[in-house]
Amino acid sequence: MENKVVQVRDLAAAYRKNTVLHDVTFEVEKGTLTGIVGPNGAGKSTLLNTILDLHPRLSGDVKFFGKPFKNVKKKIGYVPQRGSVDWDFPTTAIDVVTMGLYGQIGRLRRPRRHHREKAYEALRKMGMEFYADRQISQLSGGQRQRVFLARALVQDADLYIMDEPLAGVDAQTEQAIMAILKELKKRGKTVMVVHHDLQTVEEYFDSVLLLNRKVMHYGKTKEVFNRENIAQTYGGNMRWFGKEHRDEFTVHE
Amino acid sequence: MSSLFMSSNLQWVLVSTLVLGIAAGLIGCLSYWKKQSLMSDALAHAALPGVVLAFLLIGEKRLMVLIFGAAVSALIGALFIQTIRSSTRITEDTAMGIILSVFYGLGIMLLTIANRTAGGNQSGLENFIFGQAASMVRSDMFTMLGLSTVVIFLIYLFFKEWKLYLFDPSFAQGSGLSIKGMNALYMLLLVTVIVIGIQAVGVILIAALLIIPPVSARYWTKTLHWMLLLSAGFGGIAGAGGTLISSMGSSWPTGPFIVLAAASIFVFSLLFGKEKGILIKYVQFKYFQKQMGYKPHLPSKGVN
Numbered sequence: 037m038e039n040k041v042v043q044v045r046d047l048a049a050a051y052r053k054n055t056v057l058h059d060v061t062f063e064v065e066k067g068t069l070t071g072i073v074g075p076n077g078a079g080k081s082t083l084l085n086t087i088l089d090l091h092p093r094l095s096g097d098v099k100f101f102g103k104p105f106k107n108v109k110k111k112i113g114y115v116p117q118r119g120s121v122d123w124d125f126p127t128t129a130i131d132v133v134t135m136g137l138y139g140q141i142g143r144l145r146r147p148r149r150h151h152r153e154k155a156y157e158a159l160r161k162m163g164m165e166f167y168a169d170r171q172i173s174q175l176s177g178g179q180r181q182r183v184f185l186a187r188a189l190v191q192d193a194d195l196y197i198m199d200e201p202l203a204g205v206d207a208q209t210e211q212a213i214m215a216i217l218k219e220l221k222k223r224g225k226t227v228m229v230v231h232h233d234l235q236t237v238e239e240y241f242d243s244v245l246l247l248n249r250k251v252m253h254y255g256k257t258k259e260v261f262n263r264e265n266i267a268q269t270y271g272g273n274m275r276w277f278g279k280e281h282r283d284e285f286t287v288h289e
Numbered sequence: 026m027s028s029l030f031m032s033s034n035l036q037w038v039l040v041s042t043l044v045l046g047i048a049a050g051l052i053g054c055l056s057y058w059k060k061q062s063l064m065s066d067a068l069a070h071a072a073l074p075g076v077v078l079a080f081l082l083i084g085e086k087r088l089m090v091l092i093f094g095a096a097v098s099a100l101i102g103a104l105f106i107q108t109i110r111s112s113t114r115i116t117e118d119t120a121m122g123i124i125l126s127v128f129y130g131l132g133i134m135l136l137t138i139a140n141r142t143a144g145g146n147q148s149g150l151e152n153f154i155f156g157q158a159a160s161m162v163r164s165d166m167f168t169m170l171g172l173s174t175v176v177i178f179l180i181y182l183f184f185k186e187w188k189l190y191l192f193d194p195s196f197a198q199g200s201g202l203s204i205k206g207m208n209a210l211y212m213l214l215l216v217t218v219i220v221i222g223i224q225a226v227g228v229i230l231i232a233a234l235l236i237i238p239p240v241s242a243r244y245w246t247k248t249l250h251w252m253l254l255l256s257a258g259f260g261g262i263a264g265a266g267g268t269l270i271s272s273m274g275s276s277w278p279t280g281p282f283i284v285l286a287a288a289s290i291f292v293f294s295l296l297f298g299k300e301k302g303i304l305i306k307y308v309q310f311k312y313f314q315k316q317m318g319y320k321p322h323l324p325s326k327g328v329n
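Protein chains in written order, with the working numbering: chain A, 37 to 289; chain B, 26 to 329.
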């Protein structure tokens, strides 16, 4: 029981009249690095938004650390999609990272020096220390993503949930982010990541959740990330090179 | 002119519109980043039927009651906009357009009725359309000052929370901030500023006092707290300045002068603002061109 960080049972969610997710049931164990993978419109982001109470739930039950979300908010670090905010907002990188500490700072109090130092430390970890006072509007896509990661890091959460942190970032950022995710895992944290690139799934994640409106397959990457399961999840045309680049599969339907 | 400054009534009017302008500049800044600038216009128009209905019900012009009527009516308007947006395929701007004009039309119709009733035509209710700061009595000003100060204080107090709420509401939710609570507080402050402002500025033009100061402030700063401070300053200057000018003529409406004062600040900011103002952009462009060693191609003679 203590080992189960996330428990989702019979979850369903909809946008307007269309059911996007149904019968979603899975459990995530402590210390795992899980990739959530599926075609466009499979409901990957909706799944995250729904378990985090950002999107209304039609039915089902979600528990984190055995408790409802609202009781354990502080143990969960969420990294939204980069495109979900307006980067023209008048603020600096260090300021955005400091926002991750607002929960600890408490209501009505202002950030102190040691909070800013902590934020700076997180930026340094992401290789962004020279950009601390830069306007966020002047950062590149990859740099913005690293700022978001740094903001989640300062929260010092036990579970990290990230929506497409690797989408459209440069190779250097991708490596920096993966290094951090692996370090988090080593420290016993649990990480769930919506991911779009089938190529890197085997290399990056120890568990994988193949999603297409429901959980198609879920388990250890070695066991479930194979040709038949991927083809079943994606249904239509898709192409995927196996780890060794020797086996190439193309599925047409 | 000197006699103008002597009048203690005018001094009070100026202080009231100054503080109102500050509150409007602050809440307008929040609306700007919530991308809901036009919402304030819809709410202001939606307040009119409430003002007139409140007058018809109690039969006299008591500001607190009229403000209450205005607030209820504006909130009903907001609720309609919200409902139309979420339960039909009509988009928010269309919903605002519908509510704005229908409520305003209803307000004017009720005003016509009110003007036919005994005492109605002397009530000065028309002042709520274009604004007449001079029509305020001392108790009206105290109401306005008191409520404006509360709004200013609440925006100052929750500065950090506003920032997170405006920049990234879904992350704010996760870090323990109640988005529903923030939405409600925001709406409450916005409606408060609008309804206390309509007597001085009028339902048609009050939105300008919420929209123009923040966009002007945007041309001068890169940080949210400076944007708030500047927007508050611009709002205050526009409020008091416009009132002062309008007080020079007999029964000139206040609203239009406040809006024109705000617009002058905007034009000045647009041209000379240090953040992407037109002039600085041009100078920077020319400077970089020179750095690159670029020489403009002049058409040589005799060739077309």
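What the hints contain is simulated information worked out from the structure, not anything from laboratory work.
Where hints are given, some of them may not hold.
Within a straight-line C-alpha distance of at most 30 Å, the following computed DSBU-like cross-link-like pairs (lysine-lysine) qualify [stated by the list, open to error]:
#1 K111/A to K299/B
#2 K247/B to K225/A
#3 K110/A to K306/B
#4 K221/A to K110/A
#5 K185/B to K154/A
#6 K110/A to K59/B
#7 K109/A to K185/B
#8 K205/B to K161/A
#9 K59/B to K106/A
#10 K205/B to K299/B
#11 K109/A to K311/B
#12 K99/A to K205/B
#13 K110/A to K225/A
#14 K109/A to K59/B
#15 K185/B to K106/A
#16 K59/B to K111/A
#17 K161/A to K247/B
#18 K103/A to K315/B
#19 K205/B to K106/A
#20 K315/B to K110/A
#21 K154/A to K59/B
#22 K109/A to K306/B
#23 K106/A to K247/B
#24 K103/A to K247/B
#25 K110/A to K311/B
#26 K247/B to K154/A
#27 K111/A to K306/B
Are the Cα atoms of K109/A and K185/B separated by 30 Å or less?
19 Å, holds
Hinted pair K103/A and K315/B, Cα distance within 30 Å
64 Å, violated
For the pair we were handed, K110/A and K59/B, check the Cα-Cα distance against 30 Å.
The hint holds at about 25 Å.
Quickly compare the C-alpha distance for K205/B and K299/B to 30 Å and report which way the hint goes.
Status violated; Cα separation ~36 Å.
Could you grab the alpha-carbon distance between K247/B and K154/A and see if it respects the 30 Å cut-off?
23 Å, holds
Please work out if K103/A and K247/B have their alpha carbons no farther apart than 30 Å.
41 Å, violated
Hinted pair, alpha-carbon criterion (30 Å max): K221/A, K110/A. Please report holds or violated.
Given that 30 Å is the threshold and the Cα spacing comes to 18 Å, the pair holds.
Straight-line Cα separation of K110/A and K311/B no greater than 30 Å?
51 Å, violated
Check the hint pairing K109/A with K59/B against an upper bound of 30 Å on the C-alpha distance.
It holds: about 24 Å lies between the C-alpha atoms, which stays within 30 Å.
Mind checking the alpha carbons of K110/A and K306/B for me, to see if they're no more than 30 Å apart?
This hinted pair is violated, its Cα atoms lying about 44 Å apart.
Between K185/B and K106/A, is the straight-line Cα distance small enough, at 30 Å or below?
21 Å, holds
Sort out whether K111/A lies within 30 Å of K59/B, counting only the CA atoms.
Judged against 30 Å, a Cα distance of about 28 Å means the pair holds.
Hint compliance for this structure: hints 1, 2, 3, 8, 10, 11, 18, 20, 22, 23, 24, 25 and 27 are broken, all remaining hints hold.
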